[in-house]
Structure formats: C-alpha cells, structure tokens
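K.L.:
Construct all of the structure, not just a fragment, from the sequences and the given hints.
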Amino acid sequence: MAFLKHLVSTAFLLTCTMVMLEASPGEEIFGKLYLSKSLSPIIYSTFAALNALAIASLLYSMKRATKKVQGPSVVLVRPTHWSQRWLQHDATLMVFQTIETTIHVLQAYRLSLYCVDIAVASAYALVISAGCLGIPWLFFSTRFFVKTTLVLFLNSFVSFVLAVGISQVQFLMPIAMTMYSDKRHEYSLSWMTRNLPLLRFLFPSSAVELGANTVLFASSWINLRRLVNHVRLRRPLYVRSPRLRSLRRSLSDSFEAITDVRKSLEFRHSRAKRGFFLLQMVLGLALLGNVVYTHAMRVACPLDCILETAPWFETTCSCRYLRLNCIALQTQTITSALVSPDIWGPHVFVLHIVQCPLTHGVDVSLLTPFRDLTGLVLEVSNLSEWRFNGSMWPPSLLSLKIWYANLTTLPDVVYTLPPNLQVLELQGNRLAHIPSDVLPHWQSLSSLSLSDAALTFLPDAMAQLTALERLDVSSNRLGALPRAWISTLPRLTHLEMANNNISVLGSDLITARPHLMLDLSNNPIASVPATAFTAVQRRRLLLDGSPFCLSEKAVIGCAPVCAESCSNFSWQDNVCQRGCNKPTCCRGDGGDCAHLFP
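Take the sequence shown: its letters are residues 1 to 598, numbered as in the working numbering.
Don't take every hint at face value.
Straight line, CA to CA, 25 Å or less: simulated PhoX-like cross-link-like pairs of lysine-lysine [stated by the list, open to error]:
(1) Lys582 to Lys401
(2) Lys63 to Lys401
(3) Lys183 to Lys32
(4) Lys183 to Lys582
(5) Lys32 to Lys401
(6) Lys37 to Lys183
Just so you know, the hints here were simulated from the structure itself, not pulled from any lab data.
P.N.:
In structure tokens:
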C-alpha cells in the first residue's frame, strides 16, 4: 500500500510540475499560477523526488527481506532513537494533525467556492470530517499498536486522499488531458467554468497558498514514512517455530487491538489531549452538518444558471455560469433586476447573454458586483455600438466575446479594455478592416478572434501583438498569408485562416515555424511544397476541403469537411460557428448551436 501511495504521489506531483512548466503565459494568467517557472515547480518536483526515493527504499527493503526466505515478515518496531520517539509522541502527533486539519478545512472551504461538482466538494469535506471524528479517539487508547500504527495509518490515508487522490482523479486529469490533447475544450464556457477555478485550486496563486500546499505534501509524505518506519520489513535467515509463534501472537494482538479499541480507551489524560479531542469533534461535526445542509436544505439556483456551487455559510443561490436567453425569458433588455447578485449570488464566473436586442451594449456598471467575473459573452445580438460610459470593467475580467452582432466599426469599449484581458473575440460582425490605432490597446491579448468579419486585409501593425498565442481570422476575404509580420509573434502557436481566398502556400512559414498549428482549410490551394507534406500528415497544417486535398496529389493527413464553409478545426469546437451551423450536413455544428433554440 505504501508503495502504491508513493507511486501515485510521484505521478501526481510530476504531472503538476509539467503542467506548470508547459503552461503558456496566457494560461498562467488565467490560472493565476504563482512562480510557475521557478519556485513552484521546484517545490513540486522536490516532493516528487522524495516520493521516488521512498519507492526505491521500499523496493530495496523488500529485496533484502525476500533473500533466502519465502517471504518477508512484518514486525512492529518501538522507537528507540530520540527523533523517532519525538515523531511518535502524542503531543507531536496532535500538533501535526491540528495543523493538517486546519489547512484541509481551509482547502475544503476554497473548494466549496470553486467546484461546480457539489458532490465532489462534499466528499472532500466528508473525508476531513471522518478524520476529525474518528482519529482523535485513538489517542486515548492504552495500546501501543492503536496509538502508533493505527493513528499513523489513518493520518497517512486521509492526507493522501485529500492532497493527491481526489485532486488527481477529479481535477488534474481533465486539465492535463486538455493541455496535451485537444485545446479546443478550453473554448467551451462550461469547461472554462468547471476547470479553470480548479486549476486555481490545485496550483498556488500566492506565497501563502504555496506554503499551504507545501505543508500538505510534506504531511502526506511524513505520515507515510512514519508508518513505514514503524511497521518494518525484517529478513530472518531461518524462521524457527518459537519466533514464528511470537510473530503470529504479535500480529494477532494487533488485529485484536483494532477490533477491540473501545475497551482500551482511557480518558483520564491531560487537558491538552482533551482540548485537542474537543476541537476535532467540533470541526468534524461542523463539516458534517454543512454537508447535510448542502444536500438537504440549500436553495438551488433558477434554471438559467447552468453551473452552480455551494459555498459554506451561504443559503442563497451561488451561480457560476449564468446564461440569459432573452427569447426564453421574453425580455427585451438586460436590467439590474435581471442580473442582480441577490438572485445569482456574487460569484458569477461566466455571464453569457444570448439573443438579446442590445443595440447599445450592456451597462458595465451592472457587472461590478460580480467580483469573480472572468468571462463575458454577448451572442447573437443587434449590437451596433457600445460606448464607454466611464464605468470600470471588473478587474477579474479576462475574456470578452461579442459573437454575431451588427458591428460595422469597432465599439468604444474595445479601446478601454481591462488591463489583464487575455481573450477578445469579435466574430460574426461586418468590420471590414481593423484600424491600427486600436492595436496598442490590445497588447495584453493572448487570443484574438476576428473570424467571419468581412476582413480583406490585416494591418502590419498587428506585429505589436507580441503576446498573441492564438489568432483566428477564418471566414474572411483574405487573399494571402501575413508573412510580413506573422514571424514577429514569438508566442503564436495557432493561426486559423480557413475559408478565405488564399491560393499560395509558401514553404518559408512552415520552415520558420514548424510547431505552428496552421488551419488553411477550404482555401483555393492547389499545390503544396514538399517541405509541407510532413506538417499535413501530422495535422499541423490543415488543408481539408482545398483543391490539393481533393486531388490525386493528396497525402495522408487530408480529411473530408462537412461543408465548404466549415473547417474541421471549427466544427464542434464548443463555439457555435455560423459556417458550421447546418442541420443536415454538419448537424448544427455538432450540437454547439443547440443553446440558441431553447
């Protein structure tokens, strides 16, 4: 069991380290990763190395124990060295458990704010509650096995489940799979609401949180090592019957102690031990009561709330992903009463306004009460202008998306964006061109979408957007690749130019940027330089639907498209694309447009 725990902990910590090191600058800001390229990965990798060394130590002990005998024998070892006695002293164990429990409770509270899977957040709290209500009783036992081995085992188990088990299975795996497989999951508003807060929960966003995580990892490792050192593998050359009987008697006494703990309890102990016991009982009962209240009496949010959480001590709705469809609500405007925090709570993370006649946009002052607001989406509106009225954007806002409005020029608000805005999407408008004077205001962006905007050219001043990691200018009227400035964007990893009028693909861009994901689907490209064949085969260069892929010269890596206006990279990318919203051939963009038909 110790081997398995150390193995899982090593995998978890190494994965966390890789996620931090591989995170792009934009992902660091979205996840609020603290020192993700320096101190944090050093600490995480250090604990990974400690767990790996513990695995090596266990394997070495098992190898020595199995020499010349059929199997190792397990014995309980009473501490002899002063350091061992100190680590297993009642006072030390109580201090360690109090510190661990305090941090676990704080983590559980944070999780109740972040996790939209309320059952998972409740399970996390229940594990802490079980530890608080169960383990302190064992400190009153008069049996050596109960006060040492059993306490160490349960402490180790609780620390492992909370610090590694739940976090790895429920939180880390979906995030890691998205980072290393299909990043289009990040475009989903539901994925963003569900996983981005968990990224902030898993990884430290401040020195205090890094210190708390360090204590949790250290306590998990120390508890497990104390248990392993206490229950030691011994290597006898030949087992004589008296010793075998003695070993059997020792193990029998240990298991008898487990089944007969109640009789060994002695409550005439120090005030400190009784105080520790009382504190743990209060915490355990409080956590248990909160879980019962959450599932039995908490008021659920209205149906327009897609995802919600259940923060402690809050009795009203706590919506995280709020989608307001004006057609379904039978309203013509977004008022303060409709988006009141009294209805939805102050923790709205994503506000998605759909099919609302917002000719002049949204009053930014309505967003001020939502201190956690990270994403604002206006989808399918008749927005034609949006003037800046002096109200400040919420400082937490990182993503602004205006999809399929009536914009013919850029609205005033995009000249006064929040200082840390990372994502700006203006797809489905008739902008025709992008004025160069707006680009200095967009230098913080890591992702920019100007797809389906009737653009005929891109200004050379786009070279100022050096923080860009993704640029989407699909479904426009562009006639050539922007070779003049595209190579000056050092962080660019995704360039989407499908459904344009590009007919020539040179080899210089592919050679200069071999890791660039370039989507040129449904462009009139008839020939491709031989140096680009490998990129096509690896699906780093998408030419689906082009004359090249439809000809006999097509290489492995070409794929059919559902429509001439729909790229495979855009189809079912968790965003409703007008060119893919064809019920017959593209199945309504693979279901991405279903929310438009309530």
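K.L.:
Give a verdict on every hint.
P.N.:
Checked hints:
1. Lys582 to Lys401: holds, 22 Å
2. Lys63 to Lys401: violated, 60 Å
3. Lys183 to Lys32: Distance of about 18 Å is within 25 Å: holds.
4. Lys183 to Lys582: Distance of about 24 Å is within 25 Å: holds.
5. Lys32 to Lys401: The hint holds at about 21 Å.
6. Lys37 to Lys183: With Cα atoms ~21 Å apart, Lys37 and Lys183 stay inside 25 Å; holds.
When each numbered hint is compared with the structure, a violation occurs for hint 2 only.
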